[in-house]
Amino acid sequence: MEEFDIIGQPLPKVDAVNKVTGATPFADDLSLPRMLYAKLLGCHHPHARLKAIDTTQATALPGVVAVITGADLPVKYGIIPSSQDETGLAGDKGRFVGDPIAAVAAVDEETAERALELIQVEYEALPAYLSIEEALDQKGEPIHDSGDQGNIHKLVSLEYGDPQAGFSQADYVRDDTFFYQGNTHLPIEQHAALAHYTADSRLTLWSSTQTPHYVHRLLSKALGIPMSRVRIIATPVGGGFGGKCDLFGHEIAAAKLAMITGRPVKITLTREEVFYTHRGRHPVLMWVKTGVRQDGSITAMHFKTFLDGGAHGSYGIASTYYTGALQTVTYKIPAYKFDGLRVFTNKPPCGPKRGHGTPQPRFALEVQLDKIAEALGLSPVDIRRRHLVEENSHTVNHLRITTCALDECLDKVVKASGFREKHRQLAYGRGIGLACGSYLSGAGLPIYWNDLPHTSVQIKLDRGGGVAVYCGQADIGQGSTSVLAYTVAEVLGVGLDHIQLTVADTDLTPIDLGSYSSRVTFMMGNAAIQAAEKLKALLLEAAADMLELPVGALAARGGRIFCVDDERRSVPFEQAVQRAEAQHGALVAMGSYTPPKLAGPFKGSGVGPSPAYSYSACAVEVNVDPQTGEIKVEKIWIAHDCGRAINPLLVEGQIEGGVYMGLGEALMEEQSFRRQQHKSPSMLDYKSPTTLETPEIETLIIERPDPGGPFGAKEAGQGPLLPVPPALANAVYDAVGVRIDEIPITPEKVLKALDLKRQGKAARVGPKGIPNVTFPKPVWVEPHSGAPKLEAE
Amino acid sequence: MLRLPPFEFLAPRSLAEAVALLAERGSAAMIVAGGTDLYPNMKRRQFEPAALVSLRSIPELRHVEGTAQTGLTIGSGVTLTQVSQQPLIANAYPALAHAAGAVSTAQLRNMGTIGGNLCVDTRCNYYNQTYHWRKSIGFCMKKGGDVCLVASGSERCWAVFSSDTAPVMVALGASVCLEGPQGKRVIPVEALYRDDGIAYLTKQPDEILTEIRLPPVDGLRTAYWKLRRRGAFDFPILGVAVALKLAEDGTCTAARIVLGAVESSPVEAQAAEALLIGQKLTREVIEAAAQAAARPARPLDNTDMSLSYRKRMAPVYTARALAQAAGLNGDQAA
Amino acid sequence: MKQLITLNVNNETIEVYTAIHKTLLEVLREDLQLTGTKHGCELGECGACTVLVDGEPVLSCLALPIELEGQAILTVEGLAVDGELHPLQQAFADNGAAQCGYCTPGILLTAKALLDHHPHPSRDEIRQALAGNLCRCTGYAKILDAIEAVRVP
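Residue numbers (the numbering used here), protein chains in the order written: chain B, 1 to 793; chain P, 1 to 334; chain U, 1 to 153.
In case anyone wonders, no lab produced these hints; they're calculated from the structure. One or more hints might be untrue.
Said to hold, decoys possible - Taking lysine-lysine pairs in the DSS-like style, the calculated list, with each CA pair at most 30 Å apart, reads:
#1 P:LYS311 x B:LYS768
#2 B:LYS51 x B:LYS76
#3 P:LYS311 x B:LYS761
#4 B:LYS415 x B:LYS371
#5 B:LYS761 x B:LYS632
#6 B:LYS752 x P:LYS311
#7 B:LYS371 x B:LYS422
#8 P:LYS311 x B:LYS632
#9 B:LYS332 x B:LYS415
#10 B:LYS371 x B:LYS752
#11 B:LYS679 x P:LYS311
#12 P:LYS135 x B:LYS76
#13 B:LYS679 x P:LYS135
#14 P:LYS143 x B:LYS679
#15 B:LYS752 x B:LYS635
#16 P:LYS143 x B:LYS51
#17 P:LYS143 x U:LYS2
#18 B:LYS332 x B:LYS789
#19 B:LYS51 x P:LYS135
#20 B:LYS51 x B:LYS221
#21 B:LYS597 x B:LYS332
#22 B:LYS757 x P:LYS311
#23 P:LYS135 x B:LYS139
Could you put together the complete structure from these sequences and hints?
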């Protein structure tokens with residue numbers, strides 16, 4: 001008999017039929033009687049004091065029901081407790097072009113739009129800061145009066161072990177600078193929300209959000225209404241990728257307008273506004289110095305990151321730490337130093353995008369490793385494969401490694417791609433590159449400090465055999481609702497047709513922290529198993545009574561409970577339910593999951609720990625046209641260690657989607673600015689790959705079950721993005737011998753590097769240096785006792 | 001949701017009726033065919049016409065007639081999909097079919113017309129933005145302002161001529177038929193254009209482009225190469241159309257090289273053409289002509305990719321287009 | 001200015017009294033409550049709002065209903081017949097081709113037009129046909145797989 005009935009099967013998602021028939025109700029598809037439509041007025045300056053806003057004419061326009069400004073929404077909030085620097089609408093200042101400063105509710109969108117043009121704003125322009133350098137070279141008023149100093153939002157310095165000793169023991173030390181341009185999520189669904197404030201003073205907000213619980217907490221704060229009178233329903237999300245994880249001004253404005261007017265208010269962002277809402281990938285300038293021995297083993301690493309944060313804190317403190325956290329989880333590093341800095345700039349706020357803060361340093365690390373391998377005459381495979389972290393170990397920065405199948409990932413990808421046969425052996429113009437990556441299976445700590453479970457699942461059985469499952473998790477297309485169903489059905493031994501799902505509704509469902517940090521399958525899956533096991537115990541007990549057999553002789557599968565030794569002796573599932581209900585009363589059970597305490601004993605240890613890490617290895621083969629610099633990606637091979645594929649079809653989908661998104665970032669996607677405003681806030685001008693730029697992807701799922709994961713599962717949603725940009729950069733080098741130490745790798749940059757090569761100069765395009773910043777004295781941390789040791793020679 | 005501003009919609013059933021309506025409405029009316037260029041601009045408030053005169057219900061504009069031997073006439077209302085797929089066009093004028101098929105996406109080619117593509121508004125990434133964006137940066141002279149944001153101090157607008165099919169039409173030696181209240185006139189395609197980002201058409205606003213007349217093929221060998229970031233959606237940021245005639249011994253007897261998306265009108269590279277005539281098209285001859293063709297190109301920084309890259313690609317794309325038209329091997333087709 | 005417009009949507013004749021400057025996208029979603037047709041840009045730059053008009057994919061965000069009287073408009077709601085999913089819908093479900101599902105309606109209709117015209121396209125021909133529909137979730141791989149599963153070999 002197979003180990004599982006449902007787990008491991010390539011099943012359609014439980015919501016697949018709704019999605020292919022157009023029946024899935026996305027936020028903008030909702031409407032309520034007497035509904036009003038809201039629009040936002042964006043700031044016209046990158047940095048300006050709002051001296052006066054006159055809404056008289058707008059209010060007087062027939063069809064306009066209410067107009068609000070920052071004065072109506074004065075409460076500061078922010079997703080991270082120590083970065084409370086946002087308000088629903090900008091009050092004192094506009095901090096970027098497009099920053100929402102007023103909102104109108106009207107009988108239709110056209111009227112609301114016309115009213116926006118009637119709002120008179122008196123601005124006092126302030127010096128604008130559009131880059132890291134400008135922010136540091138602060139000439140006038142800083143963007144916020146919070147943060148570490150001036151325009152510096154966050155300064156971090158951490159030292160683990162003895163990097164000095166590590167560098168002195170190295171046979172080869174090199175430092176390199178890299179830049180990873182910012183880019184955005186570009187979900188095809190524009191953010192939308194519908195707010196309804198009823199006569200009983202209760203507020204309901206339907207919103208396209210990945211994090212209904214955080215929206216619940218923050219909206220309550222921003223509006224000054226107790227959480228008990230606020231209900232958040234996360235509608236199915238039409239693409240998230242991290243871009244719908246904050247509470248946003250449009251959600252607060254819609255709610256406030258609903259409260260003022262007493263009518264439902266819907267707001268749907270335009271595509272341009274989605275670019276301004278952003279919270280996407282931080283532009284990060286990086287400097288990394290690495291020491292290695294002749295065999296490629298790392299003796300020490302020093303990493304500096306400079307993050308261009310945009311106008312708000314958002315998740316930025318976490319992002320800053322993440323740019324220094326996960327360097328240590330792939331290859332053994334016995335001594336490590338990290339300096340990080342995040343500045344505010346007058347651009348849309350950056351935040352978490354797929355891989356949150358880790359694709360940038362991963363790019364730098366994996367490209368530098370390629371350079372080191374070449375300098376030492378090692379194969380890019382060997383320099384990685386020989387120095388992988390060990391399973392059941394710790395890293396120098398106190399991250400706990402459980403399972404790590406990166407060895408198998410590398411072996412499989414190298415074999416499938418023919419890397420060893422191709423590398424340095426293909427004709428000029430053709431090349432292959434390799435890189436690895438790793439990501440969290442859920443952040444070990446919540447966004448706000450608490451000791452509470454990160455997720456809970458409730459299951460209620462009914463007499464007809466129905467299994468009602470409740471969980472606050474929000475499905476953003478990754479299939480987390482399906483995973484919930486698969487998990488419960490597997491444990492209870494029923495078919496998926498028994499499962500009824502209620503999710504992402506703060507009135508009805510127990511809290512789940514949301515779809516971010518690749519946490520849902522791992523955490524919710526464990527909670528679901530726990531809840532289902534509790535009920536299964538009651539059902540087995542009831543069936544044991546009915547069959548007059550010991551509980552230990554029974555199993556639940558295929559919609560019945562039966563004797564393992566004699567399957568003819570069985571009880572249908574619903575009869576066992578009825579018997580159990582007669583014995584115990586209503587059959588309801590809860591399961592919860594709280595990650596183990598994993599953070600190290602130092603300030604800043606909260607970012608990076610996870611109950612398990614996924615691993616990926618990736619090879620990219622390219623064709624570079626030396627005359628045009630154009631890069632054609634021929635094929636991508638990726639092996640991903642996800643512990644166990646709960647549904648291989650969905651795992652493949654996550655891997656392919658991650659690879660695609662990484663490739664888009666690597667080749668063309670850029671959130672770039674010119675003359676103080678967004679250069680390309682449209683789907684046409686912000687380039688994302690079509691079917692024609694996306695190559696065939698060969699996906700290899702590596703299953704080495706993790707003892708902490710549900711059925712052994714780890715994440716698959718974010719990790720596979722990470723190795724793609726560096727593998728591409730390494731492939732371009734293999735093809736034409738130039739180093740593009742900067743993402744995206746555009747034809748212009750390739751040509752420029754080829755020019756330099758022809759001129760006999762360093763064949764490289766990338767940042768020339770880093771700002772001269774004095775980082776604070778680092779917090780020194782004794783390495784974890786289970787971490788790789790710096791062996792004395 | 002971005003929405004269209006209100007307008008009166010007029011759907012004449014004949015060309016004569018359309019001409020009369022345009023004359024009657026004057027500058028308050030605009031012509032619309034497929035709508036794929038005009039409607040996005042209207043949604044961003046580049047245009048807010050009081051009335052639209054639609055050409056879609058006019059049967060006279062949808063014909064494709066003639067042969068490769070006699071030349072072809074194509075009604076301006078023929079869709080880009082038809083131009084790209086019609087065997088008559090694809091066999092006789094492959095570069096035209098290729099250029100039409102390279103416009104945007106299949107959906108837009110199903111909607112957009114060949115006449116619309118010839119008249120497509122010039123583009124600039126300071127101009128093709130929403131009202132809010134343009135207000136924030138300061139309106140430019142092409143709409144609502146009096147400055148050029150890409151070339152400050154410039155007296156003129158530098159918006160980029162962005163039709164894929166026009167350079168091919170010019171290279172083919174096609175002409176267009178315009179009908180207005182003053183009657184009908186036939187002009188060479190190149191005479192339709194003016195190197196000015198605002199007044200880029202010589203067509204009067206009350207004139208309708210009714211058909212395109214392609215000369216007999218007569219041995220013409222054509223190619224079109226388009227530079228853009230992606231294989232779909234994107235407008236050209238450089239287009240190179242070439243048309244050649246080769247004698248039996250391979251000597252070039254006629255050549256036209258036309259660049260698109262480098263200025264506000266198609267640019268014919270006459271100096272380069274002269275270098276080809278009377279020559280056998282070796283790699284060296286092509287290279288010299290390509291360098292000469294690129295010399296007059298003066299792209300500015302108002303499209304995707306950098307202007308230096310676009311300028312640098314001009315000879316590369318020209319050489320590749322020439323090699324393809326000449327039947328030389330070794331370069332992949334665009 | 002409002003006008004009574006008669007449309008044939010999903011084989012149903014529907015009269016709708018609406019403003020003539022509303023696009024087909026707006027009329028479908030707001031007047032006819034056919035919200036299966038999605039929008040991502042409203043400028044013809046993403047393909048999410050694709051519907052079929054007389055069997056050809058067009059963008060509803062740039063089409064005026066008044067010009068479509070007498071033509072057959074097919075939206076995602078009209079793909080399944082008598083409760084039976086269209087083979088493409090079934091294949092998209094079975095192959096995991098719909099992740100968030102937001103671009104799915106437009107892609108289904110583009111794919112239907114392709115297969116109606118070319119029952120056995122190659123994978124490259126499928127790529128070409130779908131190049132006007134952006135998807136951010138799937139990397140297109142499962143979408144291509146699903147269409148391949150339906151094509152006549």
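Exercise for the section: Hints the structure violates: just list their numbers, smallest first. Expected result: none
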